[in-house]
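There are 2 protein chains.
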Amino acid sequence: MASSPITMMKMKLNNCSPPSTAAAARFLPLLGPHQIRFRSSLALFHNPSFPRTIITRSTFSSSSIITGKFFYFAIPKLLSCFVFRRDVKNLKLEDDQTRIQRSKMGLIDGIAAMASEASVKVIDGKKVAKDVRDEINAEITRMKDSIGVVPGLAVILVGDRKDSATYVRNKKKACEAAGIKSYEVCLPENSTEEEVLKYISDFNDDPMVHGILVQLPLPSHMDEEKILHAVCIEKDVDGFHPLNIGQLAMRGREPLFVPCTPKGCIELLHRYNVEIKGKKAVVIGRSNIVGMPAALLLQREDATVSIVHSRTKNPEEITRQADIIIAAVGKPNMVRGSWIKPGAVIIDVGINPVEDATNPRGYRLVGDVCYEEAIKVASAITPVPGGVGPMTIAMLLSNTLLSAKRINNFK
Amino acid sequence: MASSPITMMKMKLNNCSPPSTAAAARFLPLLGPHQIRFRSSLALFHNPSFPRTIITRSTFSSSSIITGKFFYFAIPKLLSCFVFRRDVKNLKLEDDQTRIQRSKMGLIDGIAAMASEASVKVIDGKKVAKDVRDEINAEITRMKDSIGVVPGLAVILVGDRKDSATYVRNKKKACEAAGIKSYEVCLPENSTEEEVLKYISDFNDDPMVHGILVQLPLPSHMDEEKILHAVCIEKDVDGFHPLNIGQLAMRGREPLFVPCTPKGCIELLHRYNVEIKGKKAVVIGRSNIVGMPAALLLQREDATVSIVHSRTKNPEEITRQADIIIAAVGKPNMVRGSWIKPGAVIIDVGINPVEDATNPRGYRLVGDVCYEEAIKVASAITPVPGGVGPMTIAMLLSNTLLSAKRINNFK
Numbered sequence: 003m004a005s006s007p008i009t010m011m012k013m014k015l016n017n018c019s020p021p022s023t024a025a026a027a028r029f030l031p032l033l034g035p036h037q038i039r040f041r042s043s044l045a046l047f048h049n050p051s052f053p054r055t056i057i058t059r060s061t062f063s064s065s066s067i068i069t070g071k072f073f074y075f076a077i078p079k080l081l082s083c084f085v086f087r088r089d090v091k092n093l094k095l096e097d098d099q100t101r102i103q104r105s106k107m108g109l110i111d112g113i114a115a116m117a118s119e120a121s122v123k124v125i126d127g128k129k130v131a132k133d134v135r136d137e138i139n140a141e142i143t144r145m146k147d148s149i150g151v152v153p154g155l156a157v158i159l160v161g162d163r164k165d166s167a168t169y170v171r172n173k174k175k176a177c178e179a180a181g182i183k184s185y186e187v188c189l190p191e192n193s194t195e196e197e198v199l200k201y202i203s204d205f206n207d208d209p210m211v212h213g214i215l216v217q218l219p220l221p222s223h224m225d226e227e228k229i230l231h232a233v234c235i236e237k238d239v240d241g242f243h244p245l246n247i248g249q250l251a252m253r254g255r256e257p258l259f260v261p262c263t264p265k266g267c268i269e270l271l272h273r274y275n276v277e278i279k280g281k282k283a284v285v286i287g288r289s290n291i292v293g294m295p296a297a298l299l300l301q302r303e304d305a306t307v308s309i310v311h312s313r314t315k316n317p318e319e320i321t322r323q324a325d326i327i328i329a330a331v332g333k334p335n336m337v338r339g340s341w342i343k344p345g346a347v348i349i350d351v352g353i354n355p356v357e358d359a360t361n362p363r364g365y366r367l368v369g370d371v372c373y374e375e376a377i378k379v380a381s382a383i384t385p386v387p388g389g390v391g392p393m394t395i396a397m398l399l400s401n402t403l404l405s406a407k408r409i410n411n412f413k
Numbered sequence: 003m004a005s006s007p008i009t010m011m012k013m014k015l016n017n018c019s020p021p022s023t024a025a026a027a028r029f030l031p032l033l034g035p036h037q038i039r040f041r042s043s044l045a046l047f048h049n050p051s052f053p054r055t056i057i058t059r060s061t062f063s064s065s066s067i068i069t070g071k072f073f074y075f076a077i078p079k080l081l082s083c084f085v086f087r088r089d090v091k092n093l094k095l096e097d098d099q100t101r102i103q104r105s106k107m108g109l110i111d112g113i114a115a116m117a118s119e120a121s122v123k124v125i126d127g128k129k130v131a132k133d134v135r136d137e138i139n140a141e142i143t144r145m146k147d148s149i150g151v152v153p154g155l156a157v158i159l160v161g162d163r164k165d166s167a168t169y170v171r172n173k174k175k176a177c178e179a180a181g182i183k184s185y186e187v188c189l190p191e192n193s194t195e196e197e198v199l200k201y202i203s204d205f206n207d208d209p210m211v212h213g214i215l216v217q218l219p220l221p222s223h224m225d226e227e228k229i230l231h232a233v234c235i236e237k238d239v240d241g242f243h244p245l246n247i248g249q250l251a252m253r254g255r256e257p258l259f260v261p262c263t264p265k266g267c268i269e270l271l272h273r274y275n276v277e278i279k280g281k282k283a284v285v286i287g288r289s290n291i292v293g294m295p296a297a298l299l300l301q302r303e304d305a306t307v308s309i310v311h312s313r314t315k316n317p318e319e320i321t322r323q324a325d326i327i328i329a330a331v332g333k334p335n336m337v338r339g340s341w342i343k344p345g346a347v348i349i350d351v352g353i354n355p356v357e358d359a360t361n362p363r364g365y366r367l368v369g370d371v372c373y374e375e376a377i378k379v380a381s382a383i384t385p386v387p388g389g390v391g392p393m394t395i396a397m398l399l400s401n402t403l404l405s406a407k408r409i410n411n412f413k
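Respectively, the protein sequence lines represent chains A and B. Numbering-wise (our numbering), the first sequence opens with residue 3 and increments by one. Numbering-wise (our numbering), the second sequence opens with residue 3 and increments by one.
Think of the hints as simulated: they come from the structure by calculation, not from any bench. Check each hint, because a few of them may be wrong.
It does not matter which identical chain is meant; a pair holds if it fits inside one copy or across any two.
In the BS3-like style, the derived pairs of lysine-lysine whose C-alpha atoms are separated by at most 30 Å in a straight line are [as the list claims (entries may be wrong)]:
no., residue 1, residue 2
1, K228, K413
2, K343, K128
3, K343, K315
4, K407, K228
5, K279, K315
6, K123, K333
7, K279, K343
8, K407, K200
9, K132, K413
10, K279, K333
11, K129, K413
12, K132, K174
13, K228, K183
14, K174, K407
15, K174, K128
The shape of chain A in the complex, shown without the other chains:
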């Protein structure tokens, strides 16, 4: 094994490269956490924003800092010859469940987490989603006791896609756990548009059903837009109807429902007391399902929003200005550490499977943001998995409860 620890560390720092380099990961135990932390600090100095940035926690003693400029220009080159040792303290920032889950992602992630937990707050979507579900459950009990109404969510699944079946099963489970009655219709792949429309029409008229969800994608012979528009706007808990989106975009208007995933992103920011008003937010991706409504929501909360997309010429430069980043582009590890302003808050919506020979399943899930690099720069970040993912279903339940309350005029 010819590679020195320093070389390996560099390979580790490129762990956000395509999965073919992932094999290098197994060498990483050669490095101690102090070394990774040292590297993390250096990354900050190389960040163009550094001269204007005060680093609140430094690996180096403050007496060694004469001026920021001196430090920026001279010290990094000097220091790159040495390795500093320092104890890693205050590591307990995540709850145990998240750490266990993340440690499953491999030893690399374990080390990176140890090295950086002291300075970055991990936004625990699993915990927040559980809190939200508990609150929903309490509200459902209150409504049932008060007016005898139980919220109902109807899900229509067409075809036999395994992933769709899994999603529907998860939604059903979550409904039951929260006290929402679940109505499920599974139709064969070769069903006609008319059959689907008939079910939607029945659910539209059914007073026991307060939310209707058509699982996408539909078979290719069906007109998706036509079918989605058949869901009456008062039961469109997905919030994808253009009338809802229009109300979301307009000042002084209120949408009936906010789409679940972007609603979950904002809920995470709220629950972690991240100030949005007046902050510069960058949304990466402009999909109808996440990016676009997320940008509209941030704007409603008085952020200054920029939308980065596939045609953006300098995504890195624009993203680096953001206090808040919502990444929803579906490209594994696209947002690197160098894209991130020190202290930014990152909501990573991406859930991308990448090959991983060390994982029993042969793959692991990563976000759109290179987590290992981001935790060295950001002040808070959602992990993948366990960040935005669990919030989406929680928000679907929230929208269904909201609908049942509105239809029954229950406050």
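Based on these hints, arrange chain B on the given structure of chain A.
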């Protein structure tokens, strides 16, 4: 008169300050156009973007430029002691009509225009609007000859506001000139909501009417949202219905109508061959009528869009990154020269009256952008008046024609 020409020039450069300084304007004939142009060039050097910017036309001979950095740090201070003379050439970039109109705005503007016309293109909204109206007229003739249908626009005016009456009169005139039949209903201030709704309902059912426009603002005892929503979506030529806005926001969807003023802004960019795709655009203002839909339109055209608003902490810094600026905030001269990246294209939607003792009417109209400063930095700009203003009515006629064609399935 103690003030030297140099002092006066500085006052001139602050002409975008509140109108109280406007009195200084009468001293400006003391300055020749070459002096103003010299100042214009200096302004470029002081712009933070300069070191990365190549100035294609310089007042100074190119041999005097050794390196960009030397020029940036040393030369401006040196040169500020002298005044260079140079002939002003190639001034004929605007058409005569626009120049005559702008010269009415005072001698200051006349001089500024002379000094900068060589490097900035004035986007002539009056001319483009006329071209659009001529094209509409030709299409209306073709439709009438082919299927015997004449587009009809109904305007409902409630109350006796003079400005509203003027707008309605102008719309009627423009309709008649373009060959669109105008239907006008004027109701007294104390009309009931039901009366207005009855007229809307009648126009909704009238096959001769293809567009319905309720002049805003309505009297305070009426529910504006309720009344606007009563206009059937197929005749909502204003394009303000949330369903339209939703379709505008969503990728892969098409709104029935695009709101007139933002549509006019984009039309100007198209007609002047301004590339939008991949460019960084900043929209200042987020109103439902202009800013928000303008941002959505720019995004549809693949610009990277940022929205600046009253809660934005650093509007100047963000705006200075833009290749395209759409200013729609309603604050006279808010966008100063220092906000503008050299070579940016500016669409100024603001039409703000400011006091002007030198004007027979006692006021003059200015935009949201300080025109005198902007023409020294931008590559193209809309004047106020004569920029976006004339485009709004042209786009209303365009939407009415579009509606008549769609309703009658005429290609």
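Going down the list of hints, with the structure as the test:
no., hint, verdict
1, K228 with K413, "between (33 Å within a copy, 24 Å between copies)"
2, K343 with K128, "within (26 Å within a copy, 45 Å between copies)"
3, K343 with K315, "both (19 Å within a copy, 17 Å between copies)"
4, K407 with K228, "both (27 Å within a copy, 23 Å between copies)"
5, K279 with K315, "both (27 Å within a copy, 10 Å between copies)"
6, K123 with K333, "within (23 Å within a copy, 41 Å between copies)"
7, K279 with K343, "both (18 Å within a copy, 26 Å between copies)"
8, K407 with K200, "within (26 Å within a copy, 33 Å between copies)"
9, K132 with K413, "within (23 Å within a copy, 55 Å between copies)"
10, K279 with K333, "both (28 Å within a copy, 22 Å between copies)"
11, K129 with K413, "within (26 Å within a copy, 57 Å between copies)"
12, K132 with K174, "within (16 Å within a copy, 60 Å between copies)"
13, K228 with K183, "within (26 Å within a copy, 35 Å between copies)"
14, K174 with K407, "within (20 Å within a copy, 48 Å between copies)"
15, K174 with K128, "within (18 Å within a copy, 60 Å between copies)"
When the structure is compared with the earlier hints, no violation turns up for any of them.
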